[in-house]
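If you read the protein sequences in the order shown, they are chains A and B. Residues in the first sequence are numbered from 1 upward in steps of one, following my numbering. Residues in the second sequence are numbered from 1001 upward in steps of one, following my numbering.
No lab work stands behind these hints: they were computed from the structure. Keep in mind that the hints are not guaranteed to be accurate.
Said to hold, decoys possible - Only pairs whose alpha carbons sit at most 25 Å apart, straight line, appear in this in silico BS3-like list of lysine-lysine:
| hint | chain 1 | residue 1 | chain 2 | residue 2 |
| --- | --- | --- | --- | --- |
| 1 | A | Lys55 | B | Lys1210 |
| 2 | B | Lys1279 | A | Lys66 |
| 3 | B | Lys1045 | B | Lys1250 |
| 4 | A | Lys55 | B | Lys1036 |
| 5 | B | Lys1250 | A | Lys66 |
| 6 | B | Lys1236 | B | Lys1210 |
| 7 | B | Lys1080 | A | Lys55 |
| 8 | A | Lys66 | A | Lys284 |
Unchecked claim - Beta-carbon label-pair distances, calculated as ranges:
| hint | chain 1 | residue 1 | chain 2 | residue 2 | range |
| --- | --- | --- | --- | --- | --- |
| 9 | A | Glu223 | B | Pro1017 | 47 to 55 Å |
| 10 | A | Ala248 | B | Ser1034 | 34 to 42 Å |
| 11 | A | Gly33 | B | Ala1038 | 47 to 55 Å |
| 12 | B | Leu1299 | A | Gly33 | 27 to 35 Å |
| 13 | A | Arg12 | B | Asp1300 | 48 to 56 Å |
| 14 | B | Ile1211 | A | Ser143 | 54 to 62 Å |
| 15 | B | Glu1025 | A | Glu282 | 33 to 41 Å |
All C-beta atoms, glycine included, are put in the ideal place defined by N, C-alpha and C.
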Amino acid sequence: MSGSGENMKSGRLDVRKTYKMLIGGAFVRSESGRALDVNAPGGKWLGHVCRASRKDFRNAVVAARKAASGWANTTPYLKGQILYRAAEMLEGRATTFREVLQSIGLSPVAAKTEVTQAIDLLVYYAGWTDKYLQVFGSVNPVSSPYFNFSVTEPMGVVAYVSGEKRPLLDLVTGIAPIVAGGNTVITLSTGRAAVPAMELGEVLATSDFPHGVINLLCGVREELVGQMATHMDVNALVTQGADAKESAASREACALNLKRFFPREANGKGDEDPYRILDTVEIKTTWHPVGG
Amino acid sequence: MSSSLTVSTNLNLQAHPVDEVGIRERVARLATRSIKKASKVEGLKLALSMVDLTTLEGADTPGKVRQLCTKAIHLHSGRKDLPMVAAVCVYPTMVRIAREALQGTPIQVAAVATAFPSGMNPLAVKLEDTRYAVAEGAHEIDMVISRGDFLRGDYARVANEIEQVKEACGKAHLKVILETGELGTLDRVRLASDIAMQSGADFIKTSTGKIQPAATPEVVLVMLQAISDFYRKTGKRIGMKPAGGIANAKAALNLLIMVREVLGPAWLTPSLFRIGASKLPNDMLMQLEKERTGVYQGLDYFSND
Chain A
1 MSGSGENMKS
11 GRLDVRKTYK
21 MLIGGAFVRS
31 ESGRALDVNA
41 PGGKWLGHVC
51 RASRKDFRNA
61 VVAARKAASG
71 WANTTPYLKG
81 QILYRAAEML
91 EGRATTFREV
101 LQSIGLSPVA
111 AKTEVTQAID
121 LLVYYAGWTD
131 KYLQVFGSVN
141 PVSSPYFNFS
151 VTEPMGVVAY
161 VSGEKRPLLD
171 LVTGIAPIVA
181 GGNTVITLST
191 GRAAVPAMEL
201 GEVLATSDFP
211 HGVINLLCGV
221 REELVGQMAT
231 HMDVNALVTQ
241 GADAKESAAS
251 REACALNLKR
261 FFPREANGKG
271 DEDPYRILDT
281 VEIKTTWHPV
291 GG
Chain B
1001 MSSSLTVSTN
1011 LNLQAHPVDE
1021 VGIRERVARL
1031 ATRSIKKASK
1041 VEGLKLALSM
1051 VDLTTLEGAD
1061 TPGKVRQLCT
1071 KAIHLHSGRK
1081 DLPMVAAVCV
1091 YPTMVRIARE
1101 ALQGTPIQVA
1111 AVATAFPSGM
1121 NPLAVKLEDT
1131 RYAVAEGAHE
1141 IDMVISRGDF
1151 LRGDYARVAN
1161 EIEQVKEACG
1171 KAHLKVILET
1181 GELGTLDRVR
1191 LASDIAMQSG
1201 ADFIKTSTGK
1211 IQPAATPEVV
1221 LVMLQAISDF
1231 YRKTGKRIGM
1241 KPAGGIANAK
1251 AALNLLIMVR
1261 EVLGPAWLTP
1271 SLFRIGASKL
1281 PNDMLMQLEK
1291 ERTGVYQGLD
1301 YFSND
């Protein structure tokens, strides 16, 4: 974002970076043309990020819906490989991410821990993609001539509101189980967390996720959470770090189309937890006649 | 039935060169118009009343056609303020089923005929195709021009075919499909429009929906201008039907804007403007529901046919 002193001396122009959102595989600015200031904790101005509008969110839902059936039908094994590739890409850019996290106020140690944990988290959920069905699915004993079994199915399009406490990790801990379960996702990052989030877009865009499977927005929480909760084409809403008022309003709005609502504490507990995958999948039970 | 060629004596093929850059520029400028709130709602309802709800698949069954007709009558359950669509457009063998399903409604039944979609059959077969569809009860016939004849310059044959099909139509309205995606240039689109109108078309229609590109805004604008010129010369109002690839509400509203700008409000009626589509109504319904409820809609809550 900021220019380097070295270039000033050599006369070379700075190549500055414009952080853009990821919608449907494309890096875009907000259609509204609006931007937000990002400041370091000391108040130092770091730069601008996009301020997503309701329409950006709607466009992201369209992209996510379009990608939903393809991603749901991708083999679990391939889903795992792609998630693992995201870990590889993040590993390769670990230094950049540490710098970005430090620029928004994390200590060097905290930044390093966060990047490492984010990578490990991607590997963790990559491993679960072809295993959770065996754990959560079942063959059910019934007292009639039926073969009765339950399997998981992705819910579809999931919206995720990320927290700011752990700017990178909060986002990855939301995305990984949602896409591991075969859903497509639209995330919202706010405040300083927008910077590593948009940086993560470049990692995800080179990880072989089909366009639209992961869509990253940044903006103002109060402006968009309501939209996420009411949108009829969103099947589940997961939030992190919501206050009681927001959660109550979201729960009520989610009832409109019976979307599932999972408010999570931003305390870092349960990052590595297969039940996170279970949150955004449905269990479908089939009665199959047997014998004559 | 004669397949001999009687060359039209009154075919006036004055060249109307199309300013392609000008057309693109005007299309781009018209597309920037934004219609909001109450006007948008009215525009969408008007556009819905102009839809020719279409199913033209090899896999069409009586059941599917009946389902489509139900959709044509009841666009969305729970809303009484919506119009019915203008017509249902089907293959000739489905006309009778559509007529039965639409009995008692003002919805017209349109049938594609003349060896749709390619038109690569002898004239006698095309005329028989047309007569069959009319006898089955079609109110409107959507014919295709012979693009092969047109492209090799045999305009008289194209005109003659349209004239004879028009005669075979009897009281049924005739829409002439130019299949602009196969014509190549806007100049040819203009020429084909002129030939069709002079040969007795009640409507000119862009495409079959089987070829891409279909109803691009550029093509629609050229055809509207041809209609405008024809009206000024003859006083006869020819209808317009864009079809193919019109999938969202915004595109439909843009079409209305173009019609209003080029032809004026007199053409903003289902008797002079139609939109051929199958998926479009649901997108317009989603927009209408968004305006009513304030929340963005999903296709899960709209009938899928």
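Outcome of the hint check:
Only pairs whose Cα atoms come within 25 Å are accepted, and A/Lys55 paired with B/Lys1210 is rejected, the gap being roughly 32 Å. Simply put, B/Lys1279 and A/Lys66 have alpha-carbon atoms about 15 Å apart, close enough for the 25 Å limit, and the pair holds. Between the alpha carbons of B/Lys1045 and B/Lys1250 the distance comes to roughly 13 Å, so the proposed pair stays at or under 25 Å and holds. Annotation: proposed proximity of A/Lys55 to B/Lys1036 holds, straight-line Cα distance about 14 Å (limit 25 Å).
Proximity of B/Lys1250 to A/Lys66 is assessed by CA-CA distance (about 19 Å); at most 25 Å being required, the pair is judged to hold. Between the alpha carbons of B/Lys1236 and B/Lys1210 the distance comes to roughly 30 Å, so the proposed pair goes past 25 Å and is violated. A hinted pair counts as satisfied when its Cα atoms are at most 25 Å apart, and B/Lys1080 with A/Lys55 does not qualify at roughly 28 Å. Between A/Lys66 and A/Lys284 the alpha-carbon distance is near 23 Å, which keeps this suggested pair within the 25 Å criterion.
A hinted range of 47 to 55 Å holds for the C-beta pair A/Glu223 and B/Pro1017, which are about 51 Å apart. Taking the beta carbon of each, A/Ala248 and B/Ser1034 are about 36 Å apart, inside 34 to 42 Å as hinted. Range check, A/Gly33 to B/Ala1038: Cβ separation about 26 Å, and the 47 to 55 Å hint is violated. The hinted window of 27 to 35 Å between B/Leu1299 and A/Gly33 holds, with their beta carbons roughly 29 Å apart.
A hinted range of 48 to 56 Å for the beta carbons of A/Arg12 and B/Asp1300 is consistent with their spacing of about 54 Å. The hinted window of 54 to 62 Å between B/Ile1211 and A/Ser143 holds, with their beta carbons roughly 59 Å apart. In this structure the supplied range 33 to 41 Å is violated for B/Glu1025 paired with A/Glu282, their Cβ-Cβ distance being about 51 Å.
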